[in-house]
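Assemble chain B onto chain A, guided by the hints.
There are 2 protein chains.
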Amino acid sequence: MLKVVILGAGNVASHLCKAFVASKEVSVVQVYHRNKKSLHFFPTEVDTTTCLLDIKDADIYIIAIADDAIKPFSKGLPITKKLVVHTSGSKAMNKLSNTNRKGVFYPLQTFSKKKAIDFSEIPICLEAENETDLKLLKKLGDAISKNVQIVNSEKRAKLHLAAVFVNNFVNYLYQVGSDLLLEDSLSFDLLKPLIKETAAKIETLKPTDCQTGPAKRNDLKTIENHLHLLEDSPYRDLYQKLTKAIQQNYNHG
Amino acid sequence: MLKVVILGAGNVASHLCKAFVASKEVSVVQVYHRNKKSLHFFPTEVDTTTCLLDIKDADIYIIAIADDAIKPFSKGLPITKKLVVHTSGSKAMNKLSNTNRKGVFYPLQTFSKKKAIDFSEIPICLEAENETDLKLLKKLGDAISKNVQIVNSEKRAKLHLAAVFVNNFVNYLYQVGSDLLLEDSLSFDLLKPLIKETAAKIETLKPTDCQTGPAKRNDLKTIENHLHLLEDSPYRDLYQKLTKAIQQNYNHG
Numbered sequence: 004m005l006k007v008v009i010l011g012a013g014n015v016a017s018h019l020c021k022a023f024v025a026s027k028e029v030s031v032v033q034v035y036h037r038n039k040k041s042l043h044f045f046p047t048e049v050d051t052t053t054c055l056l057d058i059k060d061a062d063i064y065i066i067a068i069a070d071d072a073i074k075p076f077s078k079g080l081p082i083t084k085k086l087v088v089h090t091s092g093s094k095a096m097n098k099l100s101n102t103n104r105k106g107v108f109y110p111l112q113t114f115s116k117k118k119a120i121d122f123s124e125i126p127i128c129l130e131a132e133n134e135t136d137l138k139l140l141k142k143l144g145d146a147i148s149k150n151v152q153i154v155n156s157e158k159r160a161k162l163h164l165a166a167v168f169v170n171n172f173v174n175y176l177y178q179v180g181s182d183l184l185l186e187d188s189l190s191f192d193l194l195k196p197l198i199k200e201t202a203a204k205i206e207t208l209k210p211t212d213c214q215t216g217p218a219k220r221n222d223l224k225t226i227e228n229h230l231h232l233l234e235d236s237p238y239r240d241l242y243q244k245l246t247k248a249i250q251q252n253y254n255h256g
Numbered sequence: 004m005l006k007v008v009i010l011g012a013g014n015v016a017s018h019l020c021k022a023f024v025a026s027k028e029v030s031v032v033q034v035y036h037r038n039k040k041s042l043h044f045f046p047t048e049v050d051t052t053t054c055l056l057d058i059k060d061a062d063i064y065i066i067a068i069a070d071d072a073i074k075p076f077s078k079g080l081p082i083t084k085k086l087v088v089h090t091s092g093s094k095a096m097n098k099l100s101n102t103n104r105k106g107v108f109y110p111l112q113t114f115s116k117k118k119a120i121d122f123s124e125i126p127i128c129l130e131a132e133n134e135t136d137l138k139l140l141k142k143l144g145d146a147i148s149k150n151v152q153i154v155n156s157e158k159r160a161k162l163h164l165a166a167v168f169v170n171n172f173v174n175y176l177y178q179v180g181s182d183l184l185l186e187d188s189l190s191f192d193l194l195k196p197l198i199k200e201t202a203a204k205i206e207t208l209k210p211t212d213c214q215t216g217p218a219k220r221n222d223l224k225t226i227e228n229h230l231h232l233l234e235d236s237p238y239r240d241l242y243q244k245l246t247k248a249i250q251q252n253y254n255h256g
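These protein sequence lines are chains A and B, in that order.
Per the working numbering, the first sequence starts with residue 4, numbered consecutively.
Per the working numbering, the second sequence starts with residue 4, numbered consecutively.
Okay, chain A solo, but in the shape it has when bound:
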């Protein structure tokens, strides 16, 4: 049984905790957070503490806190020579303090408090300083996911950047779509089947094989009509930028 301590109480911490608790191979011996209120959201069978000096012995300590807090927090941990990992996509492994053995346990997914998640399909990207620790992390990853990968800090940074495009930026485009419909009192629900199918397509087809629309076919009349509709819109520039990028991609630029 792998013993883990979770340090943090945000979305990643709570979703990871739930997945570990559901697994037979992992025991969450403790969750730490300085704020007692934040710990109320964790399963009652899990021991919690608000005091770092009380943290229990474990095989792996998982820091799941805001990116910029990782470095100072890992420095202040009152433990030594333990395996301490962070869960960040964008921070290098060596941001962690030298007082412990370092590692990364990065689940490549978007987490919301309000939405349950199936961990089994989530890619978990691992990094460690040595083979033994990597094996330990692999065991932890395998306990909750079918898709565990070894990815170094450099590649993980690129992965995180790509994730910003397909998650943060895509979600922003959903919001633009929603806003445009709102102007005409049209329901965002109308776009939901299209959004679903757009995402479903790339499970089997390459994005380049799914590209359609006025920019791809260089339909200048429709593009002109759209720009006319966006005359006083804050989204006009973005429309032009994305249209131009697609046109160039298909040699219309």
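Check before you lean on any hint, since a few could be wrong.
Because identical chains cannot be distinguished in the list, a pair is counted as satisfied if it fits within a single copy or across any two copies.
When the alpha-carbon atoms are kept at most 25 Å apart in a straight line, the in silico DSS-like pairs for lysine-lysine are as follows [stated by the list, open to error]:
(1) Lys161 to Lys224
(2) Lys98 to Lys85
(3) Lys98 to Lys219
(4) Lys199 to Lys116
(5) Lys118 to Lys199
(6) Lys204 to Lys149
(7) Lys224 to Lys78
(8) Lys21 to Lys142
(9) Lys161 to Lys244
(10) Lys27 to Lys74
(11) Lys195 to Lys219
(12) Lys142 to Lys195
(13) Lys118 to Lys209
(14) Lys219 to Lys117
(15) Lys158 to Lys244
(16) Lys219 to Lys118
(17) Lys59 to Lys21
Note that these hints are calculated values from the structure, not bench results.
Structure of chain B alone, referenced to chain A:
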């Protein structure tokens, strides 16, 4: 039994034909396309013709061809006073010739030759010149979808514009993500669960409630790191543009 003639043989035409054939309330009496080869993809039980003078009598004639061809094609139809509709999101109803009764039957979805589709969830946006024709189109829509709406040309244009953002532009961002990973020999498969979840979230949550990432939380250090990674990339401008848009949206601009 509603009798329809489909004029066209592309993705929309073939998917609509399949859905109508599967419905008990619609009879596809004929499919027309000038090119015999294109008609091979249609079900064998459906009558086809390459000659406009041979088109059969029907309740509704559905023009499912390239947007810019709609106007001249509808003018050249050797029928009069029939209900003739197009399936375009961006073309106004009055692009159709006055020689027949006009209407629009716009399925708001992305269609690929290679991927089957469930029509029942697809919003179908209708428009007609009078109540009788609208009822006829409603009956046709109800035969294949649970989501039939009446949407005039002006609103439909806006809907189509919003669809460009959440489909064409989103798919382009998938491609950017795929390209960025390719540079580091990382598989696009790593992003697929994230893409799926990003789309799944907005089925129950508003896009503004799903927004996360460095731009939303004004994490300037991570943004700087990303720009550094994109130093010689064609995607740098787009990253900046989208980041700025999100920052402004959350009052960081």
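Status of the hints after comparison with the structure:
1. Lys161 to Lys224: Between copies only: 15 Å across chains, 37 Å inside a chain, cut-off 25 Å.
2. Lys98 to Lys85: Answer is within; shortest intra-copy Cα gap is 16 Å, inter-copy 72 Å.
3. Lys98 to Lys219: Answer is between: at 23 Å across copies they meet the 25 Å cutoff, but 43 Å inside does not.
4. Lys199 to Lys116: both (22 Å within a copy, 18 Å between copies)
5. Lys118 to Lys199: both (17 Å within a copy, 14 Å between copies)
6. Lys204 to Lys149: both (22 Å within a copy, 22 Å between copies)
7. Lys224 to Lys78: Answer is between: at 20 Å across copies they meet the 25 Å cutoff, but 60 Å inside does not.
8. Lys21 to Lys142: within (17 Å within a copy, 48 Å between copies)
9. Lys161 to Lys244: Both ways: Lys161 and Lys244 sit 23 Å apart in one copy and 19 Å across, limit 25 Å.
10. Lys27 to Lys74: The answer is neither: 31 Å in one copy and 65 Å across copies each exceed 25 Å.
11. Lys195 to Lys219: both (22 Å within a copy, 23 Å between copies)
12. Lys142 to Lys195: Intra 38 Å, inter 23 Å, cutoff 25 Å: inter-copy only.
13. Lys118 to Lys209: between (28 Å within a copy, 13 Å between copies)
14. Lys219 to Lys117: between (37 Å within a copy, 19 Å between copies)
15. Lys158 to Lys244: So Lys158 and Lys244 pass the 25 Å test across copies only (24 Å; inside, 28 Å).
16. Lys219 to Lys118: This pair counts as between: shortest inter-copy Cα distance 20 Å, intra-copy 35 Å.
17. Lys59 to Lys21: Cα proximity of Lys59 and Lys21: one copy only (19 Å, versus 63 Å across).
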